[in-house]
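Chains as they are written, first to last, in numbering that gives the first Met the number 0: chain S, 0 to 385; chain H, 0 to 83; chain R, 0 to 337.
Hints were generated in silico from the structure; no laboratory data involved. No residue lacks a Cβ here, since even glycine has one placed at the ideal position from N, Cα and C. Wrong hints could be hidden among the right ones.
Okay, the calculated beta carbon distance ranges per label pair [stated by the list, open to error]:
#, chain 1, residue 1, chain 2, residue 2, range
1, H, P63, S, A200, 41 to 49 Å
2, S, K181, R, E196, 50 to 58 Å
3, S, A200, H, Q23, 38 to 46 Å
4, H, Q23, S, R336, 51 to 59 Å
5, H, P63, S, P197, 16 to 24 Å
6, S, G174, R, Q197, 52 to 60 Å
7, H, P63, S, I342, 21 to 29 Å
8, S, R336, H, P27, 22 to 30 Å
9, S, E20, H, P27, 48 to 56 Å
10, R, E237, S, R170, 35 to 43 Å
11, S, I342, H, E56, 29 to 37 Å
12, H, P27, S, P62, 24 to 32 Å
Computed, partial: chain S to chain H, Cβ under 8 Å [unchecked claim]:
#, residue
13, A200
14, A203
15, A207
16, Q208
17, V211
18, E217
19, A257
20, A285
21, V287
22, R289
23, V315
Here's the letter readout for the chains.
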Amino acid sequence: MRVEFRLPSLGADMESATLTEWLKQPGEPIHRGEAIATVETTKGLIDLEAYEDGTISEFVAAPGARLMVGAVMAHLELEGAARAPELSAQPPSAPAPPLEAPPPAAAAVTAPEAARVRLSPAARRRAHELGIAPETLAHAAAPGAIVHLQDIESLAAARPAAPGEARAAMRQAIGAAMARAKREIPHYYLGHTLDFGPARAWLAQHNAQLAVGERLIEAVLILKAVALAAARLEGFNGYWRDGRFERSAAVHVGAAIAVRGGGLVAPALLDAHAKDLAALMREFSALVTRARAGHLRSGEFTSATITVTSLGADGVDVLYPIINPPQVAIIGAGAIRDAPWVIEGRMEVRPLITLALAADHRVTDGRLGGRFLRSIAALLADPQSL
Amino acid sequence: MDINAIRTRLLALLRQIAPDIEPQSIEPQRAFRDQFDFDSMDALHFAAAVSEAFGLEIPERDYPSLTSLEGAARFVQSRLSAGA
Amino acid sequence: MQNATAAEAPVTLTYRDAVREALHAALRDDPRVFLMGEDVGRYGGSYAVSKGLLETFGAERIRDTPLCESTFVGAGIGAALGGMRPIVEVMTVNFSLLALDQIVNNAATLSHMSGGQLNVPLVIRLATGAGRQLGAQHSHSLEGWYAHIPGLRIAVPATIDDARFMLAAALRLPDPVLLFEHLYLYNMQGTLTEGLEQVDLERAAIRRTGRDVTLISYGWSLHKCLAAAATLAAEGIEAEVLDLRSLRPLDEATIMASVRHTHHALIVDEGWRSGSLAAEIVTRIVEQAFYELDAPVARLCTAEVPIPYAQHLEEAALPSPARIAAAARELLTSARGP
Chain S
0 MRVEFRLPSL
10 GADMESATLT
20 EWLKQPGEPI
30 HRGEAIATVE
40 TTKGLIDLEA
50 YEDGTISEFV
60 AAPGARLMVG
70 AVMAHLELEG
80 AARAPELSAQ
90 PPSAPAPPLE
100 APPPAAAAVT
110 APEAARVRLS
120 PAARRRAHEL
130 GIAPETLAHA
140 AAPGAIVHLQ
150 DIESLAAARP
160 AAPGEARAAM
170 RQAIGAAMAR
180 AKREIPHYYL
190 GHTLDFGPAR
200 AWLAQHNAQL
210 AVGERLIEAV
220 LILKAVALAA
230 ARLEGFNGYW
240 RDGRFERSAA
250 VHVGAAIAVR
260 GGGLVAPALL
270 DAHAKDLAAL
280 MREFSALVTR
290 ARAGHLRSGE
300 FTSATITVTS
310 LGADGVDVLY
320 PIINPPQVAI
330 IGAGAIRDAP
340 WVIEGRMEVR
350 PLITLALAAD
360 HRVTDGRLGG
370 RFLRSIAALL
380 ADPQSL
Chain H
0 MDINAIRTRL
10 LALLRQIAPD
20 IEPQSIEPQR
30 AFRDQFDFDS
40 MDALHFAAAV
50 SEAFGLEIPE
60 RDYPSLTSLE
70 GAARFVQSRL
80 SAGA
Chain R
0 MQNATAAEAP
10 VTLTYRDAVR
20 EALHAALRDD
30 PRVFLMGEDV
40 GRYGGSYAVS
50 KGLLETFGAE
60 RIRDTPLCES
70 TFVGAGIGAA
80 LGGMRPIVEV
90 MTVNFSLLAL
100 DQIVNNAATL
110 SHMSGGQLNV
120 PLVIRLATGA
130 GRQLGAQHSH
140 SLEGWYAHIP
150 GLRIAVPATI
160 DDARFMLAAA
170 LRLPDPVLLF
180 EHLYLYNMQG
190 TLTEGLEQVD
200 LERAAIRRTG
210 RDVTLISYGW
220 SLHKCLAAAA
230 TLAAEGIEAE
240 VLDLRSLRPL
250 DEATIMASVR
260 HTHHALIVDE
270 GWRSGSLAAE
280 IVTRIVEQAF
290 YELDAPVARL
300 CTAEVPIPYA
310 QHLEEAALPS
320 PARIAAAARE
330 LLTSARGP
């Protein structure tokens, strides 16, 4: 059974690899699981394994050739019936079509035309967005077939089951956004510690009168305080776009929510500045539930004008956040911890919280940033004002 | 109410809040927070679910009793028998 | 007090009536406006558009001209330079070629060559298109050619509303405007949108919304596209139908927004495909919305022959609802694997 040995996709972000070395020669027996070639990828050198027993009939690609995922590297003669290889990008259709005379190995500098998967532009972009290597589509194996947008959507819909993959894609997305933030945004950082006692006391009193489902949590007070301060002080609420700051009148506070098992999303609480605490709590509660169930709405993903992030009760004292572009500011809330605090010349143990601001220096300076943090602190010191 | 029945019910509530939890992997004595990244919102959701499912008033000061499966089961049992 | 007319039903009128009303209103509202062309006066217009206007407005303002396009278009340009608001009717776009020098070398250029000192607020109305067995020399669609020329604005009323109100919009502009009236549309019946008092001359219009494919056209082809869309809808294909309205400038924003929505575009143009307006639209979509496309942009144009006289051959040469529907189906399924 003669089959094509193709460059497999070794990760969602892999597009190509360079053939470094053939570890076997034509005619030499190969065994399932045995390394037959080495390729260099962005992740380093990787050995490619045979997925069946057999022999290499002939090489198509020569060492040094840069190959696209799915490119034919060699022709193999396999023992036994053809089975769709699990790892290989494109299972050959059976019976194998008559092969043209392969080009001499030395001439195979790039992927042969036959190996190129044809995607519509829209399909290619969608696949990129979803972190799918389109070459892995079985559909693409049909000779001459074109992968359309619908094929990518179907594929995406059919495979949400692999949590590892989803997590990897999310990690990739977080990485891309944060790399962009660190590359493009001149961050400055400010920290401010305040006594959370008044807020906590007010909360206890407020919650005592309410059924469990209606109670507020501390995070909501912080979200509201940030929203109010952001609405009052210009320069922290909006987007940096096309080389300038676009102020937003409404404050949509992105709430960074940890997804169990790793990862982070920061969907928006719309018009947080204009909502009372009870309404904000209801929405926040629903948002967390949906975020963890993976049912966020697309608008919630893109509309936040400023973000608040926290590591929760188990967190550390200070969290230095990274701005989520195109936003221009983010507040990191540290864990509330009991610590000594000076009140009117006396030391007292108080619940303290440190808020850290990361803001975009293209829009504001530290002086204004300081005012922003202090106005959040003032609001939390007077919880009635929320 | 039998404590095993309470445990089963609590487990179901827990699964509603965190569907990704595998029931057989839960360590009954260990805090939810350490086992599956429970945060204050999860704790509140769990308290609300327990309150509704068993018809209990749960003031904030009792929250610490609800941090593990075993703790929650004992809390519910004691409150149910106190009310009976 | 009488209120008998309060609940009056909208009046049905033809496209021809709508153009005539537009002319009537323009002549009534602005003394600088006059109409000039072959047979526009005593004969009432080659397509009976200006019937009755001579009687109402007199020979000074409804002027019959000799059969010499270069002369009367040139005279129109001169009148516009002199402060008038002439409306020149050219019987068909085919004959406008005799006035090409006046239109392209004078009307289109004077404002630019004079640094904006000489405006040419001229409106030229031209019948265009095939479908009435008038033979090659009376049936061509050359509006795409004119859309090539900077300094001109090209608009195509395809609906009763646009037939009624585009003329006024054209007269408000300081630049020469060519209004192309498809001769097949003159007998089309419809009603005016209630309360409508003016239209713009810049924006394309979505005449039917759909999610699967955008049919881009203008003039008579618009109505063929709407018919095709109805056929396709019965098959579960939702076609969006875009009326270009203005061929120069092209409303790229509306075109791209629709393509972004449907990911498929089919351009239906009664012009020939080589070097055509359809080609220009394809290019712009590829330039601006390449990554939105799920299939190559498709075109359906008139067969590359001078329009035949014989009815069956003329029909065979032109885009038809059936061919548009077939092209849309093909576009949505083409090159898909088994």
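Now the hints, each set against the structure:
For P63 of chain H and A200 of chain S, the hinted distance range of 41 to 49 Å is not satisfied, since their beta carbons lie about 19 Å from each other. With their beta carbons about 56 Å apart, K181 of chain S and E196 of chain R fall inside the hinted range of 50 to 58 Å. The beta-carbon spacing between A200 of chain S and Q23 of chain H, approximately 42 Å, falls within the hinted interval of 38 to 46 Å. Taken as a hint, the range 51 to 59 Å is violated for the pair Q23 of chain H and R336 of chain S, whose Cβ atoms sit roughly 35 Å apart.
For the hinted restraint 16 to 24 Å between P63 of chain H and P197 of chain S, the CB-CB distance of approximately 23 Å keeps it satisfied. The hinted window of 52 to 60 Å between G174 of chain S and Q197 of chain R holds, with their beta carbons roughly 53 Å apart. Roughly 28 Å separates the CB atoms of P63 of chain H and I342 of chain S, a value that falls within the hinted 21 to 29 Å. Checked against the given bound of 22 to 30 Å, the beta carbons of R336 of chain S and P27 of chain H, roughly 29 Å apart, stay inside it.
Distance hint for E20 of chain S and P27 of chain H: a CB-CB separation of about 55 Å, consistent with the stated range 48 to 56 Å. Taking 35 to 43 Å as the suggested C-beta distance range, the pair E237 of chain R and R170 of chain S conforms, at roughly 38 Å. Distance hint check: the CB atoms of I342 of chain S and E56 of chain H are about 35 Å apart, consistent with the given range 29 to 37 Å. For P27 of chain H and P62 of chain S, the hinted distance range of 24 to 32 Å is not satisfied, since their beta carbons lie about 58 Å from each other.
With a cut of 8 Å, the hint placing A200 of chain S at the interface with chain H is violated, because the nearest CB-to-CB distance is about 12 Å. A hinted interface residue such as A203 of chain S counts as satisfied when its beta carbon comes closer than 8 Å to some beta carbon of chain H; here the least separation is about 7 Å, so the hint holds. Interface hint at A207 of chain S: satisfied, since its Cβ lies 7 Å from the closest Cβ of chain H, which is below the 8 Å cut-off. At its closest, the beta carbon of Q208 of chain S sits 11 Å from a beta carbon of chain H; the interface hint therefore is violated under the 8 Å criterion.
A hinted interface residue such as V211 of chain S counts as satisfied when its beta carbon comes closer than 8 Å to some beta carbon of chain H; here the least separation is about 4 Å, so the hint holds. At its closest, the beta carbon of E217 of chain S sits 7 Å from a beta carbon of chain H; the interface hint therefore holds under the 8 Å criterion. Contact between A257 of chain S and chain H, as hinted, is supported at the beta carbon level, the nearest pair being about 6 Å apart and thus within 8 Å. This hint is violated: A285 of chain S has a C-beta 10 Å from the nearest C-beta of chain H, more than the 8 Å allowed.
With a least beta-carbon distance of about 5 Å to chain H, the hint placing V287 of chain S at the interface is held under the 8 Å criterion. For the restraint placing R289 of chain S at the interface with chain H, the shortest Cβ-Cβ distance is roughly 12 Å, beyond the 8 Å limit, so the hint is violated. Using the Cβ-Cβ criterion of 8 Å, the hint placing V315 of chain S at the interface with chain H is not satisfied: the shortest such distance is roughly 15 Å.
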